[in-house]
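Visitor: So the chains spell out like this:
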Amino acid sequence: MTTGIESPISVVGGQGAGRPRKRRRIRLLSRTDKIVLSIMVGIPTLIQLLLIWIPTVLSIGLSFVRWNGLDLTDIKAAGVANYSYVFKDYPPFWPAVQHNVLWLVFLAVIATPLGLLLAVLLDQNIRGSKIYQSIFFIPVMLSLALIGIIWQLFYQKDNGLLNFLLGTAGTPQAVDWFGDSDVNIWAALIAATWRHAGYVMILYLAGLKGVDASLKEAASLDGANAYQTFFRIVFPAMRPINIVIVVITIIESLRAFDIVYVINRGTNGLELISALVIQNLVGEGQVIGVGSALAVILLVISLVPIVFYLSRAFGKEKVQ
Amino acid sequence: MSSIEERFAAGANRPGLDRRTLLKTLGVGAVGLAGIPLLSACTGGSGPGASATASKSLSFGSGSSDEVPKAGYKAVTDAFTKKSGITVTTNVVPHNDFQNKINTYLQGSPDDAFTWFAGYRMQYYAGKGLLTPVDDVWDKIGANFSDAMKKASTGPDGKKYFVPNYNYPWGFFYRKSFWAEKGYEVPTTFDALKTLSAKMKADGIIPIEFADKDGWPAFGTFDYINMRLNGYQFHMDLTAHKESWDQKKVSDVFDTWKALLPYQNPGALGMTWQDSAKSLGDKKSGMYLLGSFVTQQFTDPALLADIDFFPFPEIAMEGMDAVEAPIDGLLLSKKGGQNQAAHDFLAFMGTAEGQDAYASKDPSNIATAKGADQSKFSPLNKKCADVIAGAKSISQFFDRDALPAMANNVMLPALQGFIKDGSIDVKNLEAQAKSLYAAQ
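Top to bottom, those sequences are chains A and B.
When we follow my numbering, the leftmost residue of the first sequence carries the number 2, and every step to the right adds one.
When we follow my numbering, the leftmost residue of the second sequence carries the number -8, and every step to the right adds one.
Keep in mind that the hints were calculated from the coordinates and are not lab data.
It cannot be assumed that every hint is accurate.
Derived EDC-like pairs: lysine to aspartate or glutamate, alpha-carbon spacing no greater than 16 angstroms straight-line [stated by the list, open to error]:
| no. | chain 1 | residue 1 | chain 2 | residue 2 |
| --- | --- | --- | --- | --- |
| 1 | B | Lys425 | A | Asp90 |
| 2 | A | Lys89 | B | Asp416 |
| 3 | B | Lys411 | A | Asp181 |
| 4 | B | Lys150 | B | Asp182 |
| 5 | B | Lys275 | A | Asp159 |
| 6 | B | Lys151 | B | Asp182 |
| 7 | B | Lys361 | B | Asp347 |
| 8 | B | Lys325 | A | Asp72 |
| 9 | B | Lys47 | B | Asp335 |
| 10 | B | Lys418 | A | Asp90 |
| 11 | B | Lys269 | A | Asp159 |
| 12 | B | Lys73 | B | Asp347 |
Take the sequences, apply the hints, and build the full model.
Guide: So, in C-alpha cells, the structure goes:
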C-alpha cells in the first residue's frame, strides 16, 4: 500500500525540486491521510474483486461443470460438455450470434450516425434546441416497463398505431410486428435505435461544445465548405468522444437485452446471447453450467473489440 | 397455475425486471451473474435443528402474493388458528421471486410449511431430501382425496409429501350461444374435432383459438395430444426423461398436431392468452384450449354464463381418462417436519373445512378434497370439478411435470418453431434433454 501512495507523489515532488524536497512531501502524509487513502483505494479494489473478478472466475469455473445449484457436493466435472452443448445442440445459440452481429451493424450504420446527425443539427443554435434535446434523450431515461408499453402501442397487430397508419389494422393483412419472426427483429432494432440515437446525441453534443470554435473559423477562412469543415476538422477533433462512442456502440449491441426481453423474453426470432444467458441462469430454467458457458462466450466476444480499441486509444496517446 | 402462467397471468406486459436493476446487474458483467447462485448457495447451511416438540406456532411461506389467493390463504390460516389455537406467521413473497429463489429458500432457513405445486417440481426437491414426508398427515386425510390426487402427492420414494389445495382443468372453452346458433356439436373424437374445425373455417371464423407469444400455452396442446395418443404413463416417463424424445411415439404427436395447425389461430406467436380470450369472447373464434383461468378474462357476467367447456377429445388410447389439471397445495420443509403444529396445519389444509375457507375468498379454482362445499359453484365450475373427479389420472402441465429447464429452454422455443412452420427436430430434443437431465 505504501508504494502505491509513494509513487505518484514522488513524480509530482520530483518535477520541480531535488530529492530532499520529495522526502519532506512524503512526511506530509499524516497517519490519517494514509488511512484515508488506504480506505479509498482498498474499498473500490475490494468491491471490484467481490463483484467482478470473483464472480468472473467462478463463472469460468462453473462453465466446466454440471451443477443443479443445490448442494456443493452435487457439482460434477463436465469438461467442455457445456460448450459443445451450446455450439452443437442448442438451437437458439447461432441465431442469437447472428442477431447480435445484426444488432451491432444496425447500431453502427444507422443508430450512431443518426445520433451524430441529431447532435450536429441541435448544435446549430436553433430555437427550442433544449426542448428537442430533451425529447430525443427521454428514451434513454425511460424504464423497461414504459418502453414495453410504448412500443406495444406502436406495433400491436390489431389496434397498433403502425398497422393503423398502414391501413391494415384489423384485417388479415395486418403485419404481426412482434409475432412474425421475420420482422420482429427489425421492429426491435427500430426501438433500440430510438434509444441509442438519443444516447449518442448527448455525447456528441458535449463533444461538439468542446471543439474549439477557432478551428472552424480557420477552416472557413481557408475556403472549406460546411461539409468539409465537419468531416475534415470537427469530426477528427472529437477523437476522444469517437472512441467512447465506438466502445459504447459495441457494448450496447453485445448486451442488448431489455427490448427483446420486454417483447417476448428473447424467443421466436429475437434470440440474443444476453437473453440466453439470463434464461439459463436466472429463475426456473436455470442450468448453471450452460448459462455460465454462454456468459463466458459473451465475455470473450466482448473482450476482443474492447481490448482492441482501448489498446489502440491508449497506445496512440502514449506516442503523442 | 404454473410459474410462467402466473407470471403473465397478471398482465400481457408484466415486466419481470426493472430496467435499471437489470443494467446494473449487466453492468457488473453479465458473467458476474453466474456467481450469484454459488455465492448464495454458500450462505445456506442446513436448517436449525429444532426439537420435535409440539409447539403452538408455525411459520408459513406463501408465494401466493396476488390479492385473491393471498386473501384465500389468510382465511385458511385464520380458520386454523381459530380451530386449534396455533398461531401461524405468514410470510408472503411475490410469486416470481418465490419460485425463482426456491433453491436457496429451501437450503437456507425456510418456513415450516410453504405453498408449492405437485409434479416433478415437488418430486425433485423431495428426492434431494429438502422436504419432509407427511404420511402421518395422509393417514388422517387420505379418505378425502381421489386416487389421482394421491398419485400426484407422492414423491419418488413412494412417501407422500404434498397436500393438495385446489386445481383447475385444461380443456376446450367455447360460447354456448354461438355454437347453438351455428349448430356446432361438441366433438368427442379427434376426427370429429377436425371435421368441426373444417366447418368453422368454412364459416369464416378461426376454429381453434391459440396464443403462444409467451411460449407456455402450447404445452397444453402438446400434453393432451401426447396423452391421448400414447397414454398418461408415457407422458410421465417422457417428462421424467425415462423415455427418449427421439422415437416414433413423439414424432407421431407432432404429426397428429400438424393436422390441427391449419385450424389454430395463425397469429398465435404474436398473441397472449388474454388476447385470445378476448377473441373467443367476441365470437371471432370457435373454441380455445386453455386452463379454466381463461374465465378470469370474462368480467361480463352474462358472457361468463355463456362459457362452457369440453375435455380434449379421444384419439387412440385411454379415451378421455387423463385430465391436465395442475394442482397447487402445501409442502413441509425439512425443518418444518420437526414442528408438529406444521403437520397439523397441512392436515387442516387437506380437509373440506380448510379448503372451503380458501374457496370463500378465491372461488375461481376447484377445491380438491371430497366434501368441499360445491353449493356456490357456477355450472361451469361444477363441470370442471366433475371432469377432475372423474379423471383416472391427472397430469400437471408440461412445465410442472418436466424439468423446468427442459420446458423453458428447450420445448418452449421448439414448439414456437413448430407452430411457425410445422418443423420439429426430435433428435435435437433428445440431445438437449440428455444434457439437461444429466445436470440435475
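Visitor: Each of the hints needs a verdict: does it hold here or not?
Guide: Structure-based check of all given hints:
In summary, the hint linking B/Lys425 to A/Asp90 is supported, as the alpha carbons are separated by about 10 angstroms, within the 16 angstroms threshold. A threshold of 16 angstroms between alpha carbons decides the hint, and for A/Lys89 with B/Asp416 the separation of about 13 angstroms falls inside it, so the pair holds. For a cut-off of 16 angstroms, the pair hint linking B/Lys411 to A/Asp181 stands: about 9 angstroms separates their Cα positions. A hinted pair counts as satisfied when its Cα atoms are at most 16 angstroms apart, and B/Lys150 with B/Asp182 does not qualify at roughly 41 angstroms.
With a C-alpha separation of about 13 angstroms, the suggested pair B/Lys275 and A/Asp159 falls inside the 16 angstroms cut-off, and the hint holds. Among the hinted pairs, B/Lys151 with B/Asp182 is inconsistent with the structure: their alpha-carbon atoms are about 40 angstroms apart, more than 16 angstroms. Our distance criterion of 16 angstroms between C-alpha atoms is met by B/Lys361 and B/Asp347, whose separation comes to about 11 angstroms. Of the pairs offered as hints, the one joining B/Lys325 and A/Asp72 holds, with about 15 angstroms between alpha carbons and a cut-off of 16 angstroms not exceeded.
For the suggested pair B/Lys47 and B/Asp335, the alpha carbons sit about 11 angstroms apart, so the restraint of at most 16 angstroms is met. Of the pairs offered as hints, the one joining B/Lys418 and A/Asp90 holds, with about 10 angstroms between alpha carbons and a cut-off of 16 angstroms not exceeded. The suggested pairing of B/Lys269 with A/Asp159 holds, with an alpha-carbon distance near 12 angstroms, which does not exceed 16 angstroms. Straight-line distance between C-alpha atoms of B/Lys73 and B/Asp347 comes to about 15 angstroms, which keeps the hinted pair within the 16 angstroms bound.
Violated hints, listed in ascending order, are 4 and 6; each of the other numbered hints is respected by the structure.
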